[in-house]
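With chain A fixed as given, assemble chain B onto it according to the hints.
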Amino acid sequence: MTASADSDATRLPLRDLKFGADDLPRLRLSVEVCSIQAGLTEPHLSEFLLAVNEVVDNAIRHGGGGGHLRLQRHNGVLRCQVMDTGPGFGDQVIPPRQPDIDAETGRGLWLAHELADQVTISTGSAGSIVSLAVALTEVEEFGGRP
Amino acid sequence: MSVPVDAHTVAVTQLRLGDHAFAHYADDDARWELLSAFCALGLAGGEKVVVLADPAIPHDEAYRRLFPDDGFADKALATGQLTFQDMSAMIRPDRHFTAERQISRLFEEVELARRQGYAGLRSAIDMAWVHEWGLDVEGVMHRETHADALFARRQYAELCSYDRRCFAPEVIEAMRVGHPMALLERPGDFDAYHSINGLHLIGDADMATRDKFGAALSKAFTDASGVGRVLLDLSRLAFLSAACAADLLRLVAQADGYERVDVLCTRFHAQVLRKLGSARIKRLMVTITREPT
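As you go down the protein sequences, you meet chains A and B in turn. Under the working numbering, the first residue of the first sequence carries the number 1, and numbering increases by one thereafter. Under the working numbering, the first residue of the second sequence carries the number 1, and numbering increases by one thereafter.
In isolation and in its complexed conformation, chain A is listed as follows (with noise of 0.2 Å):
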């Protein structure tokens, strides 16, 4: 995928959103369009759908019950950030090899680090950032006309 170029003014958060285990749907929705109006397109679009969810998946079942996803574009990256606030881990907990079918943990953000071009996993003030990237291949004005 080709990196294209970004104004300062889209490292502006494209969503800044609150999430609790009743949101996902609306989440995903929210990020869909974000991402399609950033250039994402098929396939890379359903892969970063994906590996979002598993990351929100992951904050709302280990991570305090909710968090906070920002999605962000530029230097022709889309970013995701999902911030929760659980006890916190580190990319240890992400499995090296495909988990096997009857794993009850591990699969989701080994999936997402399988599907995004970076996952990266920090720790914040209050528990985890994760941090999914995904190449653009072209870049669209938000809201503008094709």
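Honestly, the hints are just simulated from the structure, not real lab data. Incorrect hints may have been included.
[What the hints assert, rightly or not] What follows is a set of in silico ranges between Cβ atoms, one per label pair, in the way DEER data are often shown:
(1) B/Gly71 - A/His74: 16 to 26 Å
(2) A/Gln118 - B/Thr289: 39 to 49 Å
(3) A/Ala21 - B/Leu112: 36 to 46 Å
Just so you know, even glycine gets a beta-carbon here, dropped at the ideal spot from N, CA and C.
Quick look at chain B alone, frame taken from chain A:
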């Protein structure tokens, strides 16, 4: 009143230009959520969007309900990509509704949208205007079932949303059957039905719907015991989470007594199943049936 799901039921997020869909609601949250998803995806995809909301609701209120996120769609509204209209604008210069006039006007609107550089036009129509105008339901039904030329070039999509509190159950069912597509009530919903071919899964399989998804799969295996094979049609699943995909693979792997389990799905869902280990299950045959467009 429950609304059946069947071979033409899909999720709102799967609608594309060329689609003509029936939608239904019985509360205001569902009403706006569905229309909002339809409109937002159209705007994001570079389509022109026309909203014909309930005539009793002012356009600015309809805008706030459709786009509650700060600022979203403001630019589309300012540039004319998003417009709010009354049905009277769709039949001008006539004063009385005729299906012919409305379809003719919609053809003009599609042509205009294309000339303006948009990919096409999508209309979100709350059918409350039928009552407002005192129209006979048969006339509307005739329009809904004979408008196929409007969609043939795949430059126009239409969502017709019916309030189950205002239309009789037999009208709702006739409209559901009469449209080429019918939608699940809300974005994020999941449903399933069994046919002689197997189990058909529709909508979103995620954390919220995982139990229902698993129950539908389990029932499919129970019902097919003795037959030796099961077909699971995932082609209308709009979303499949890792946990639900793993549940499916686990059930197939444990389905002793079945020689073969067929899964029909999109290329992307086949990729997800493969990443999660589908190739290691000998009885599982994955067939790609439909591509997102």
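Do the hints match the structure? See the list:
1. B/Gly71 - A/His74: 16 to 26 Å: The hinted range 16 to 26 Å holds for glycine 71 of chain B and histidine 74 of chain A, with Cβ atoms some 19 Å apart.
2. A/Gln118 - B/Thr289: 39 to 49 Å: 32 Å, violated
3. A/Ala21 - B/Leu112: 36 to 46 Å: 44 Å, holds
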